[in-house]
Every structure is written in C-alpha cells, then in structure tokens.
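**Student:** In case it helps, our numbering puts the sequence shown at residues 1117 to 1513.
Don't take each hint at face value.
No farther apart than 25 angstroms at their CA atoms in a straight line, the calculated lysine to any residue pairs in the SDA-like style are these [said to hold, decoys possible]:
| hint | residue 1 | residue 2 |
| --- | --- | --- |
| 1 | K1509 | D1362 |
| 2 | K1395 | I1328 |
| 3 | K1326 | T1130 |
| 4 | K1194 | P1279 |
| 5 | K1398 | W1427 |
| 6 | K1194 | D1164 |
| 7 | K1190 | T1122 |
| 8 | K1190 | G1145 |
| 9 | K1395 | A1258 |
| 10 | K1190 | G1206 |
| 11 | K1509 | G1312 |
| 12 | K1326 | A1258 |
| 13 | K1509 | E1357 |
| 14 | K1121 | R1154 |
| 15 | K1509 | E1420 |
| 16 | K1398 | P1279 |
| 17 | K1395 | A1485 |
| 18 | K1398 | D1435 |
| 19 | K1395 | F1297 |
| 20 | K1190 | G1312 |
| 21 | K1398 | K1326 |
| 22 | K1326 | F1297 |
| 23 | K1205 | D1164 |
| 24 | K1121 | G1312 |
In case anyone wonders, no lab produced these hints; they're calculated from the structure.
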Amino acid sequence: MAEAKTWVLTDQATRVWVDSIEIGPDDLGLADEGWSIRKTTLRGGPSDGVDIIEVDNGALSFSVLPTRGMGIWKGAYKGLDLAWNSPVKGPVHPSLIDLQDRGGLGWLAGFNEVVVRCGLDSMGAPGTDVVPNNMGVPSEVALTLHGKIANTPASRVEIQVIPGDPTELVVIGEVHEAGLFCPQYRLLARASTKVGSNSLLIEDEVRNEKAIDAEMELLYHCNFGAPFLEEGARLEVAAREVAPRDARAAEGLQAYETYAGPTVGYVEQAYWYDLLAGKDGKTLAMLRNAAADKGVVLRFDKDELPAFTQWKNTASIADGYVTGLEPATDYPNSKAFERQQGRLMKIGPGETRRATLAIEVLDGAASVAATQGEIANLQQTAERQVHSAPISKYSDL
1117 MAEAKTWVLT DQATRVWVDS IEIGPDDLGL ADEGWSIRKT TLRGGPSDGV
1167 DIIEVDNGAL SFSVLPTRGM GIWKGAYKGL DLAWNSPVKG PVHPSLIDLQ
1217 DRGGLGWLAG FNEVVVRCGL DSMGAPGTDV VPNNMGVPSE VALTLHGKIA
1267 NTPASRVEIQ VIPGDPTELV VIGEVHEAGL FCPQYRLLAR ASTKVGSNSL
1317 LIEDEVRNEK AIDAEMELLY HCNFGAPFLE EGARLEVAAR EVAPRDARAA
1367 EGLQAYETYA GPTVGYVEQA YWYDLLAGKD GKTLAMLRNA AADKGVVLRF
1417 DKDELPAFTQ WKNTASIADG YVTGLEPATD YPNSKAFERQ QGRLMKIGPG
1467 ETRRATLAIE VLDGAASVAA TQGEIANLQQ TAERQVHSAP ISKYSDL
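Work the whole structure out from these sequences, hints included.
**Tutor:** Here is the structure:
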C-alpha cells in the first residue's frame, strides 16, 4: 500500500503559506476516481482573505474554513445540500467581526456555517464571569456569545491523502486561543472522509497549554436547512430527559420534536436534552424530512459530549430558516451558571480532551427507517421524561 501523502498549506512558525493547490487521484497514481481536494483564498467583499479547502470524495463534498476556526462552511451529498440560507452571505473574515457588538451578540454577523465550533474558554449566552486579572485580583469580565474559537484563524494547516480501500481524504488544522494572563488552548482539528462515502468525521483534541488548571467549554453548532428541514420534519433522538430552555420554548413543547414551515416573525425556541447512550457510550441524533426519505445524522460519544441542545429557528427563509443540533461538553447557558451546576470540563496543565463527531447523510427511506429503528431500540432502555416548564438543573431561572 502506498504511504500517506501530506501537504502543508499554512505554517505560521515556518512562514509557509500556499495560495492555491488542487489534488486528485491522477496526481498520486491512485485507482480511486472522482475525488479532489482544492485550496483557494477568497477575494472581494467580507470574504476577502478567507482560506477555503474544498473536499470532494466523489459523492460527499464539504468546505473547511481554516480562517474561521476550521469550521465547515457547507457541503452536499448526491445533490442534497448541507447548508442553510443565512442572512450572512459567504464566509466573513474574522477581522470584520466585533464580538462585543449588540451586547455581546457580534458572533452572529459571521454565522452561516453548517458546523461551527463554539468555545473554548466560553460558549453559550453572553454574560459576565469573574477571573483573576494580571495582578491576580478577581475581576469581572464580559463573555460574548459562543466564544472566540470560530473567529480565530488556524496557525497551521495541512491536507493528507491516505491510500487505501477506500482512500481517505483529510484536513488538519491547529488553532490557538491564547493570550498573556489568559487561558491558553490549542485545538487540533481533523476533518476526514473516505472516497465514495456518505459521512464526514470530525476528530478534535483540545490541550490546555497553561501551567495551571483550566475550564473548557466546547459546543458543535450543527445547522441544517432544506431539504432536511421543512414543515413536518422531525428530530429523532433517544432521551432520558427533555426540558424547555425558557418560557418561549415551553410554548412549543407539544410539538418540540417536529418543525413548522418558514414562519414570519417566529421567535427561536431551544430544548435541553439528556440523551441515552449504548453500553459503548455512543449516541446519535437524526433530523429527517417529513416524508422520512432524507436525513442527516450526528453520531458522538456521550462521555465526550454529554450535553445536547435542539435549537429551532423556523423563521422566514429571508430571516434564516434553520435548526441547530448541538452536542457539547455542557449546555449553552452562561459560563457562571454551568460552573454552578458542575458541568464545566476541567483540564489540567498539559492535559488533552478529545471529541469525535460523525455526520452522515441519508438519501433513502430504507436508511432513514434503519436509523429510526436504532434510535427506538435505544429509547427502550429508559422512559423519557419531558418537563412542562424550565427547570433549575438546566436553566438559570
């Protein structure tokens, strides 16, 4: 078997930066056909200077944004779009994002990806926290919506082709969220797919580079629109417990698993889940369309990502018709509240935490039914408790 081939596209330490490259099977003498990896840099408008790596395995394609924290911008599988119609058009360069804007909601001015990492020092709602300042004195600081990692460019990026049956296509990026007298995290993000497959695998490592303990939060904001989201679409999960985030979410509790069509004036709703997992710790969530012949599935380890949030924003198409499926280390409340609940992930000096997230696209009734059966079997292991109102364990009342 031929050895893996690696191309370094960005390395801040050695001043390497490759403007563009395209690789296919002919370049390596491989028998696989129809796949490619292509790197370019976008020019013009708010996207100016954003690096994009487009991976196509012959059936599934997706675009990685190293300039935006290694997020996944959009993708497609056999004509089914992995995307949503955000009011934000095209990737936005982080230099144009003011995270403090609109009371800490500036993150939304760049929000249009399919998969966005939120964290690492904080994620969730804007708020305040108390941390030691440069003099070691406890001081109040403002934390913005969903943290900084999605607006932090990768300092090192490489692509790999690993020959095999089938060949594996890989994008790896290293992102540092750090500052003097601040937390110091290193995210090593790996996105891969195999030629001809219907799935994308995200494998992340977060290392505490500081010489003292750290608290880390990480949420995968996975966002989908049509053709999976439509009137009558459903979220399928096996859950031990479900609770509305707030009074607004409680209004829609009778239909929390189903989705409305685009609705002018709709106000977002969110629900907290404690998912069930198998004996191996694995769990899954599926968004499927009304006809149950198209779906997108998230698979992850509940030990790594114990919290799950469903975000419903079935607003008009112009205003962003989208749902978010969000596995995470904890729930996207304020960091102070999550600390009170004992859910913040602790990382010792030099320690690493790992998270793996697989995304599968289903394009037929049989595969959707099989996944629904898998979820139903898991649900049989425990009765689901659905709370009629927000509860103090999950929401800061």
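**Student:** Any hints this thing doesn't respect? Which numbers, in order?
**Tutor:** Those not satisfied are hints 2, 6, 8, 9, 11, 16, 18, 19, 21.
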